[in-house]
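Chemist: Read in order, the letters of the sequence shown correspond to residues 543 to 680 in the numbering used here.
In short, the hints are calculated from the structure, not lab data. If you're wondering where the values come from, they're calculated on a predicted model, not measured in any experiment. A few of these clues could be false.
Unchecked claim - For lysine-lysine, the following DSS-like pairs were computed, each having C-alpha atoms within a straight-line distance of at most 27 Å:
1) K643 - K591
2) K566 - K669
3) K566 - K552
Unchecked claim - Pairwise CB distance ranges (calculated):
4) S567 - Y650: 14 to 22 Å
5) N616 - K566: 29 to 37 Å
6) R667 - S556: 16 to 24 Å
7) L679 - D639: 29 to 37 Å
8) Q678 - Y650: 29 to 37 Å
9) N544 - S631: 32 to 40 Å
10) V635 - N544: 32 to 40 Å
11) N544 - N656: 36 to 44 Å
12) N555 - C642: 20 to 28 Å
C-beta atoms are modelled at their ideal positions from N, C-alpha and C, and glycine is treated no differently.
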Amino acid sequence: MNLNRTDLQKLSNSRIREAQILFKSGEYSGAYYLAGYAVECALKACFAKGVKRHDFPDKRVRDVFTHDLPRLINYAGLNDELELAKKASTKFVASWDVVCKWTEESRYSTWARNDAEQILDAIARRKDGVLPWIKQLW
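Whenever a hint applies, use it, and build me the whole structure from the sequences.
Modeler: In structure tokens, the structure reads:
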């Protein structure tokens with residue numbers, strides 16, 4: 543399946559909404575896990591922005607099919623923008639640090655309400671949240 547930038551933007555928006563619904567339902571582990579995927583999809587949308595007509599590459603471009611958020615920042619060419627955002631806001635730094643603790647392996651862990659609330663806040667907070675920052679760049 544080939545995904546393009548728009549597909550990845552829609553997936554990111556869907557995953558954060560689903561994570562918020564799960565959180566409200568008391569499903570904290572699922573909320574935590576899906577929240578991280580919202581960031582992953584958003585970063586991949588940033589990468590896709592720079593690829594032929596915004597098409598996300600097929601599986602032959604393996605490096606981009608990582609779940610490692612700091613590596614995705616690099617692949618998307620956002621290192622300079624990330625450093626600027628960190629210099630502009632200590633709250634953003636704290637949000638990024640929380641988000642970077644998420645991994646694909648998070649699906650095998652049990653997460654408490656506080657964990658899920660913390661990552662959702664770090665990702666979705668309008669001011670100094672990671673997802674609003676990425677959306678400015680995708």
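Chemist: Would you pick out the hints that fail for this structure and give their numbers low to high?
Modeler: When the structure is compared with the hints, only number 7 turns out to be violated.
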